[in-house]
Structures are given as structure tokens and as C-alpha cells.
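**Student:** Each chain, letter by letter, is given below.
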Amino acid sequence: MNALSVRALTKTYKNGVQALKGIDLEVERGDFFALLGPNGAGKTTLIGIVTSLVTKTGGEARVFGYDIDRELEAAKACIGVVPQELNFNMFESPETIVVNQAGFYGIPRPEARRRAERYLKQLQLWDKRDKAARGLSGGMKRRLMIARALMHEPRLLILDEPTAGVDIEVRRSMWDFLREINRQGTTIILTTHYLEEAETLCRNIAIIDGGRIVERDRMSTLLLRLHTETFVLNASAPLAAAPRLDGYPVRLTDDHTLEVDVSKEQNLNDVFGRLSQLGIQVVSMRNKVNRLEEIFMRLVDKGVAA
Amino acid sequence: MSTLAETVTPEPLHLGRIRWIGFKTVVLREYQRIIRIWTQTILPSAVSQGLYFAIFGSLLGGRIGPMGGFGYMQYMAPGLIMMAVNINSYSNVVSSFYGAKFGKHVEELLVSPLPGWLIVSGYVTGGLVRGVLVGIAVTGVSLLFTHIHVQHPLIMVGAALLASIIFSLGGFLNALFAQNFDQVNIIPTFVLQPLYWFGGIFYSVPLLPHWARPISYLNPVLYMVNAFRYGFLGVSDVNIGAAFAIMVGAAVALFVAAILLMERGAGIRE
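Going down the list, the protein sequences come from chains A and B.
Just so you know, we're using the numbering used here here: the first sequence kicks off at 1488 and counts up by one.
Just so you know, we're using the numbering used here here: the second sequence kicks off at 10 and counts up by one.
Hints may contain errors.
Among chain B residues calculated to face chain A with C-beta under 7 Å, some are [unchecked claim]:
(1) 120
(2) 121
(3) 218
(4) 270
(5) 272
The set of hints was computed from the structure by calculation and includes no laboratory data.
Beta carbons: idealized from backbone N, C-alpha and C, even for Gly.
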């Protein structure tokens, strides 16, 4: 049984905008799944339909086998959602917010208080549990929404841009936390604009554009499709001009920095060997752009061109 | 595709338990809100109704003379208590639910497994709680000015609860349709206030000119106030059975309307 099955899902808003044009999607249980797409692609509409915040126009959706048309309560009991926009009462304290949320899912108050302590501590919010939520920092507010979504220990956790506006240190700690939640068995669907985040965390991926799924594959398989990667190399000594490396396009971007395009059939050892022969010592190297970002842009651009 | 599996066995779903605890949580959250901002929810009515008693009762009431066989202050007291109960029930639900819409935290409830009828019931019970708390406070204030005897306690309690439910449901419908804070205030100011002033709080219907009496009987507040007054004083301008029939009918109609609109997602879902 899949955590999420969506068939021929369509949504046309009152203003005539067709946000979803017949989406088919399956997410296996236990997966860490990336749902990517440009702004306005239909990601939030799809999540909205699954969580019942948006009324679908056509098609069907099942959450762990529960049909959202016929067994909506059971389907919703399986889902925890972290929306893109902050949507808690800013005048309430974090502890009140998460304990009440647990109550909406039928968790008795004493158990809700135990879980509140556990999740607020894990997400480093316990010291702020009695303060009004409006006084929390941006990162704390994001973590509060994650804690709130976990209070009923959902089987499917949907995260819509959970790390937007969060500094890198907090983001990394949130990644570790989400990995652990997923390792314990929670299926996670993640939408994000940080493609490094999707590449680091997710095993499977779908790319949505213009209301349609334009790609659906394993992350590793998708990344293998990248034919050429550009590497940025930093030289130990200044260079007067870009060296000639047969078969490798090379550009000198400043006197210490080279950009080298390497295709799948070529290898980096060869590049380093040739540079050594020319007396050029490389002290550091990085990808010019995130690999997933490159594939994403190609797929989305193709969609626009079509 | 990899074979993935959950390591945690999910607990079986008990929808009945989810609903009961969910309902209690909605009510408790409303209660916490009422108590947290008691200077906005409880105190103003106690003060304003105290002023009514002081001005209309003590200063002017002595010159008006008895009404319905009772002193004017005693005659007016049940209506003023009822007005406070109803206005507070209405404003509690409209401000709380619209505030949740405006702040988007209504989504906490909408994504939860609680059905629409239960969310409506939770908010209405919250309105009822505030109505009762304010009713107790205003009754306490009225005791500073006059003696209150309760002739028919069940009728008094029944009328207060039914009227509170009706106004809470009215507040819920207002909040569903409201697109901004102006629309939250329009109904209380331009509809409810006139209905109250012409709802028999300050006068008995036979005192009105002949042409105004039939119009007065179209006012639903007249039935609520008179049923409540009958519970206290044993006098009424309307038939008590008819008053309760109208109140029950209105409560059922408004509850059904609120549930249908919730299920359709009117004003809350795209």
C-alpha cells in the first residue's frame, strides 16, 4: 500500500486558472520524497487537496489507502502537514499550540504534554515553551510548525518549504531531525526551493511544472542523466590564461579560478593529470551549480519551451 | 524503485475518541482565550450593563413607574442580562473564528480529522461558555441595584442557553462570510443592536402604538427576552411555548446552515 496515490487529479480555480491538469503520482510508504517545481507549478495546490484545504475539481487521492472523498477523517488522521506560510496563533505559547494540535487528533492531554516536551526539546524550543509565539525567531517558528505537525505522530509528513528563510546551521540540524523521523518509519514528502536539500535528503523525486508531472524517478537515477558537469577549480598560483586541455572546455574566470566542463564519459583524474603536467596545482574544487538544479532547470525550461 | 517499509506499526484509528477529545480541545481553547483576555471578553459587559442599571434603572426608572406589575429596574434586569449573554456569544464566535481565518490558524482545524459539524459545535460551545460567564457577571452587577427572584428556573436557563446557541451560530455564519474586520462589525452594529433596542428589554409591547405591535412580534429577540423574563418574573408579552418553538427552530436551522456551509468550505477553502 502506498502512502499517497493520486490519479488524474485536476484543479481549476474560480478565476479559471488550471493549477493541476491531471496529476498521477504514487509515493511509497517509508519514502523520503521530493516534490519540486517552480513557483505556481501546482505543488501547494496538490498538497492543499491532499490535506483538504483545497477542493479538487476532479480525480482521486488516497492516503494509506483511505480515499479522501469517502474516508476523509481517516485519511487526515494519517497526515501531518507543515505549510509554507506560518499558520499558528501568534498570541499562544508553543506548548499550548502543540498540545491543542494533538487534541485535534484525539491525543489525550497527559500524553500530549509528554509529546510536547519530547518534540519541543528535540527541536530546541523547550526553553521558549511559555513565551508567546510571535516572539520567536523565524527559524524557531519553522521548527514550531514541525513540532506541531509531529504531535499526533503521523504516518505521512508533508513539508512545504520547511526551511525557507532558515539559516544554514538550523537547516542542517532540521535535516538531521527529518532524516531520523524518516528512519523511524514516517513517510516524508518535501517541497523545497533548496535543491541541495532535496538531493541530500530525498530518495525519490517528482518534478511538477505547469500543473503536470514532468519527471518522476529515483534521485540517483535522475542525477545519472546529467551528461556534463562544470567544476570550479582553484589554482595555487596565478594564471595568465586558460590552459589548453584537449577534449575539456576550460575557462579562466579570474587569475586563480578555472571552470572545466567534464562529460560522463570523461573523468576528473585525467583533468588533474593534465593540469599537473602543465605545472598547475589545484588546491580546491567544487561543482559550479548543484547537480539537481541543473537537471531541474533543463526539465522546467523544456516545459516552458513546449 | 527501492522497497521501503514502515518500521512503526500504526495504531488503529478510533474516530469516536478523536472526535470527543477534539471537541473538548476546541472548547478548552476557546475557554483559555476568553480567560486570557477577560478584560475584553467579560469585563466590558459587566461595566456597560452596570451603566444601564445606573442610568435607566436608578436615575430614570423611578420616574417611569411599575411595568408588568414590577418595578422598572426589576422588569428591565432580565432583558439586560439576556442582551449581554447574546451579544457576547455572538461576538465571541465571530471574533474568534474570523481571527483564526485571518491569522490562518483555522487551518490547524481544517487539516485535522475533525468533521465540520464538530468544529461548529466546538465554537458554538465556546460562545455558550462566554455567554454564561458574562451572564453570571451581569447578574452579579444587577444584584447591586435590584432584587432578582427566579420563578421558573428551567425556563430561565433553557431560554438563556437557546438564545446563546442561536447567537453563537449567527456569529459563526458571520465569520464564515466575512472578508475583513469591517464585515465582522456590520451585523452587530446595524442588525443586532436595533433588534435589541426594539426587543422588549426596556418596555412591554402593549405600551407601543397599535401599528407598531405586529411589527414588534416579527422581532425574534422579543421572544428570547420575554421567555427569559418569564423565567425570572413569571410575566411575558408572548406565548412561552411559541417562544421556545421559535428558538428551537432557529437554532436547528442555523446549525444545519452552518454545517452545510462548513462542508462546502464556504469562506474557508479554495
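**Student:** Look at each hint and say if it fits the structure.
**Tutor:** Hint by hint, here is what the structure shows:
1. 120: holds (5 Å)
2. 121: holds (4 Å)
3. 218: Result: violated, 50 Å to nearest chain A Cβ.
4. 270: violated (13 Å)
5. 272: Since the shortest Cβ distance to chain A is 10 Å, the answer is violated.
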